[in-house]
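Visitor: So the protein sequences, as listed, match chains Z and P.
Going left to right, the first sequence walks through residues 7 to 267 as our numbering numbers them.
Going left to right, the second sequence walks through residues 342 to 728 as our numbering numbers them.
A portion of the hints provided could be inaccurate.
As the list claims (entries may be wrong) - For each label pair, taking beta carbons as the anchor points, the in silico distance ranges come out as:
{"#": "1", "chain 1": "Z", "residue 1": "Ser-250", "chain 2": "P", "residue 2": "Glu-481", "range": "14 to 24 Å"}
{"#": "2", "chain 1": "P", "residue 1": "Lys-595", "chain 2": "Z", "residue 2": "Gly-200", "range": "19 to 29 Å"}
{"#": "3", "chain 1": "Z", "residue 1": "Ala-47", "chain 2": "P", "residue 2": "Gly-615", "range": "18 to 28 Å"}
{"#": "4", "chain 1": "P", "residue 1": "Gln-436", "chain 2": "Z", "residue 2": "Ala-47", "range": "48 to 58 Å"}
{"#": "5", "chain 1": "P", "residue 1": "Tyr-445", "chain 2": "Z", "residue 2": "Ala-71", "range": "46 to 56 Å"}
{"#": "6", "chain 1": "P", "residue 1": "Gln-431", "chain 2": "Z", "residue 2": "Leu-66", "range": "30 to 40 Å"}
{"#": "7", "chain 1": "P", "residue 1": "His-449", "chain 2": "Z", "residue 2": "Gly-200", "range": "39 to 49 Å"}
{"#": "8", "chain 1": "Z", "residue 1": "Thr-154", "chain 2": "P", "residue 2": "Asn-451", "range": "21 to 31 Å"}
{"#": "9", "chain 1": "Z", "residue 1": "Ala-71", "chain 2": "P", "residue 2": "Gly-438", "range": "35 to 45 Å"}
Since the hints were made in silico from the structure, they are not lab data.
Treat the numbers as computed from the prediction; the structure is a model and nothing was measured.
No residue lacks a Cβ here, since even glycine has one placed at the ideal position from N, Cα and C.
In case you want the letters, here they are:
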Amino acid sequence: MVSTVQNTDVKQKESDHAVVVAVASRAVFEPEAQGGDNVYAEGVAFPLLQALQKVNERLLEENSAESLLFDIVLITTDSQQQQQSSHLISSTKHYGLEVSRFCFSTEEDFIESLLQNNVQLFLSTDRNEVSQTSQKGVLSALLDEYTTSCPSEQLRVLFCGDAVIRPDTNPTPASRQAAQSFSAQLGKMRQRFGMSDSPLSIVLMTSCGGRDSCGGALRTLRSLGISVDEAYCLAGSPRGPILSVLRPHFVLSDCFSGLED
Amino acid sequence: MVKMSLDPVQVMSGQVTELKVAPSSNGDSRGSWEEKEEFDQDHLGLTAKPKPVTGRRARKVEGGVFFPKPENAVTIAVSSRVLFRTEREQKVFEQKGVEEYLRYQIEHENEPFAPGPAFPFVKALEAVNSRLRELYPQSEELFDIVLVTYNHAHVGIRLINTINHHNLFIERFCMTGGSSPIGYLKAWHTNLYLSADADKVREALAEGIAAATMFMPEKLTEVSQSQLRVAFDGDAVLFSDESERIFKAHGLDKFFEHERENEDTLLDHGPLKGFLEALGKLQKKFYAKGHRLDCPIRTFLVTARSAASSGIRALKTLRAWGLEIDEALFLAGAPKGPMLEKIRPHIYFDDQMFHVEGAAEMGTIAAHVPYGIAQKHNAKQNTGVRK
């Protein structure tokens with residue numbers, strides 16, 4: 007059973023033009039810890055939410071009638087958290103998070119709730135959840151330990167050019183399509199800002215191939231209308247040290263599989 | 342009896358590789374000496390005509406390590422402004438701002454940049470790598486050249502096209518789009534960072550990374566294609582600036598006195614000691630295979646110290662550190678330019694702009710190490726020569 011609650015504190019976005027991003031509430035708030043007044047403590051995805059909000063803020067600064075905005079939805083499958091749904095909602099309001107809706111569902115039908123809400127990107131700390139949703143054609147990315155130390159004033163999205171981040175899953179044509187359309191939206195958003203001082207930074211990284219592999223990925227992204235701000239070609243050097251300097255909020259890899267030689 | 346497919350002469354000498362310099366034995370055309378004509382032309386022209394990118398020669402990769410682990414390799418990070426000539430583009434940036442600059446770069450994407458001051462040095466590093474791969478095909482102890490630029494990724498395709506055009510072996514790069522590259526230098530275990538930006542270089546030095554600012558000389562003397570030649574100043578480059586401080590504060594006599602009294606006390610290390618050490622390790626690999634006389638790496642100390650007096654302390658320090666420097670030139674205060682013109686290093690490191698400029702005037706590519714007490718005096722001597 008899926009139920010959706012609107013956040014009355016936040017203006018709802020135009021569903022046709024907004025980019026719906028669903029985040030697992032488990033990632034946004036610490037389910038165990040509680041501050042006073044039944045307010046949850048901040049979770050690992052907190053800086054991510056703040057960064058998404060920052061992008062919206064700046065988009066509206068550029069154009070107060072802007073409709074290409076992030077539409078943030080919190081998804082809860084955890085039955086315990088569902089019982090405390092009022093805490094979830096009050097915590098969200100307490101922090102002034104720009105969450106439009108809360109979706110509560112069971113683990114079986116949460117994918118249904120994603121599709122119902124026209125979710126274009128699903129983010130979670132749960133590897134299984136991400137794998138499942140990805141198989142069903144919803145663009146998904148895993149939030150990991152790096153996420154918590156990401157900046158909150160700039161959204162940093164990493165495109166992995168040689169799709170090695172998740173070698174176990176083979177993206178379906180549907181998820182590749184989802185990846186491309188989300189990326190194109192992101193590219194459009196990026197165009198609203200200048201070269202410097204952008205609240206959104208699009209980063210490309212290729213892990214294994216040499217420079218031509220990275221050059222190819224740059225061209226592919228350009229053909230999708232995405233201009234990349236930063237590019238890193240690792241050619242086999244370890245990812246960890248570079249990622250910890252890069253600090254992307256999340257990583258997308260489905261755009262490229264099947265497109266490279 | 343074992344049937345050998347080797348030439349009996351080679352078997353007797355115990356070596357399979359040839360001693361003379363030849364195109365690299367791993368089958369690819371990279372590092373072939375036919376390129377010599379191509380980039381000599383680029384050197385002589387100050388405003389190189391942009392050439393369209395021709396079909397890139399295929400790079401076959403056979404034998405030898407091509408993607409060494411950063412901690413095993415000697416990582417040299419170069420910025421785009423020192424590897425290539427980008428003055429025209431710099432002007433667009435300064436006069437018209439970043440958006441116009443990036444538009445210009447994309448418009449000229451298929452025009453490769455001309456070689457910059459670090460280009461001959463990088464070519465020489467590749468020549469050494471070819472020899473190392475022949476002798477030690479499984480080893481990761483090689484030079485690894487990484488392009489580290491705070492350029493925007495919009496310039497990426499042009500940079501890749503340029504690397505392809507010049508057939509450079511640079512497979513790793515970092516385009517940070519404006520943020521500081523220092524974190525990436527550390528992540529890549531950088532042994533030496535070369536940039537046109539003195540602030541970035543100072544930042545790197547402060548983090549313990551050997552770094553220097555490079556300038557394009559007006560004329561360029563020809564340098565060796567087969568042997569990497571690196572020259573270092575002594576004080577505040579290989580050694581700390583402690584002696585220079587004495588000289589600046591108390592004059593030459595006090596300096597000599599101090600050096601004599603402390604002859605047996607080791608000098609403290611300077612920012613480029615580690616890089617000399619890394620070069621020494623690679624040299625030993627050539628010596629181990631009987632290539633001492635034709636070692637493709639040669640190091641030089643070019644110091645204002647005097648052989649008979651203050652130089653002794655420098656030599657003792659080097660010896661105590663276990664560092665062999667091939668040639669030590671004690672100039673006793675004489676100008677360095679003419680000596681460097683004879684040595685023809687691919688790069689010369691000095692902490693004083695006065696010497697860097699003097700070297701450049703005579704066609705030597707010199708790099709400034711902004712370290713130590715001499716920096717406070719730079720303002721008077723710096724004529725702002727920056728090509």
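Visitor: Identify every previously stated hint that the structure contradicts and give their numbers, smallest first.
Guide: The structure conflicts with hints 2, 3, 5, 7, 8, 9, although it agrees with all the remaining ones.
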